Amino acid sequence: MHCLNPSFLKTIATKFAVFSTYICTASLANRMILKNDLLRKDLLLIIILILWEAFPRAGLINPVLLPAASTVSIAILNLLASGEMFMHISISLKRALAGFILAVITMVPLGLAMGWFKNLEEITDRLVQACRQTSALALFPMFILLFGIGELSKVVIIFWASLWPILLNTINGVKNVDTMMIKASISMGASDRILLTKVLLPAAAPSIFTGIRLGASYALMVLVAAEMIGANSGLGFLIINSQEVFRIPDMYAAIFTLAVLGILINYLLIRMEKKITGWKEEIKYV
Numbered sequence: 000m001h002c003l004n005p006s007f008l009k010t011i012a013t014k015f016a017v018f019s020t021y022i023c024t025a026s027l028a029n030r031m032i033l034k035n036d037l038l039r040k041d042l043l044l045i046i047i048l049i050l051w052e053a054f055p056r057a058g059l060i061n062p063v064l065l066p067a068a069s070t071v072s073i074a075i076l077n078l079l080a081s082g083e084m085f086m087h088i089s090i091s092l093k094r095a096l097a098g099f100i101l102a103v104i105t106m107v108p109l110g111l112a113m114g115w116f117k118n119l120e121e122i123t124d125r126l127v128q129a130c131r132q133t134s135a136l137a138l139f140p141m142f143i144l145l146f147g148i149g150e151l152s153k154v155v156i157i158f159w160a161s162l163w164p165i166l167l168n169t170i171n172g173v174k175n176v177d178t179m180m181i182k183a184s185i186s187m188g189a190s191d192r193i194l195l196t197k198v199l200l201p202a203a204a205p206s207i208f209t210g211i212r213l214g215a216s217y218a219l220m221v222l223v224a225a226e227m228i229g230a231n232s233g234l235g236f237l238i239i240n241s242q243e244v245f246r247i248p249d250m251y252a253a254i255f256t257l258a259v260l261g262i263l264i265n266y267l268l269i270r271m272e273k274k275i276t277g278w279k280e281e282i283k284y285v
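If you're matching positions, the sequence shown starts at 0 in numbering that gives the first Met the number 0 and goes up one per residue.
Some hints could be false.
With a straight-line Cα cutoff of 20 angstroms, these simulated PhoX-like cross-link-like pairs (lysine-lysine) come out [as the list claims (entries may be wrong)]:
no.	residue 1	residue 2
1	273	197
2	197	274
3	93	117
4	197	174
5	174	117
6	182	117
Calculated directly from the structure, the hints in this document are not laboratory data.
In this text the structure is predicted, and so the values were computed from the model without any measurement.
Assemble the whole structure, with the sequences as input and the hints as a guide.
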């Protein structure tokens, strides 16, 4: 019988031994990390990386379809050494930042106005609700027809995807400002400029930054889709092109790079928020 074939049993034993070694290593790393407060937050990520390395090595997952983490790391280093990764990163960041920054500088003032002036919100509400339900990817063919297949259509679709969380969270932030604080400021003779800069903006800032962080995430997600459809450069193009020519490690390298970029951008926005809203108390869980 096949199950009694010595070579088959040897293969199973080898896979089990490799897998057991990685599990023991993960268990040891787990105990070490739990004793280190700095590494405790990264525990789940470290476990995932260990399993990512272990499963393909043990043959539990086809290594052709999911290369080991070390293989992907080598692909990243090769792409960095050749300069190809830096080229794709810079092009993708230019596109994402152009659309995202445009959304921030236009939607934050508009959101402040719509949150403060009730008549303006009533006039624009139905249009806003209708437009925000329309997928950015569904509109991409229209953007290509209107703006061409070049850079402008990609910037426009990123702008469209990222503007809605920024706009809606800014409106919500203004609406949730304590009315007693507003009335007290007005009663003390605060001008419209003082009311905006010293009361509304600081009070609405946490909600505005929530929208900005969501907008940044949407910008990166839509960027990848746009580069997959109509581009010959960028991280999205690198992903789809690597998949088509079966350079699977390069494909995962580009995906991993996108994840790292997203984490870094989110971290920078959190740091900026903490600096601007230093007065806000953080909720601490026991």
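Evaluation of the provided hints:
no.: 1; hint: 273 to 197; in the structure: 17 angstroms, holds
no.: 2; hint: 197 to 274; in the structure: 16 angstroms, holds
no.: 3; hint: 93 to 117; in the structure: 36 angstroms, violated
no.: 4; hint: 197 to 174; in the structure: 16 angstroms, holds
no.: 5; hint: 174 to 117; in the structure: 10 angstroms, holds
no.: 6; hint: 182 to 117; in the structure: 17 angstroms, holds
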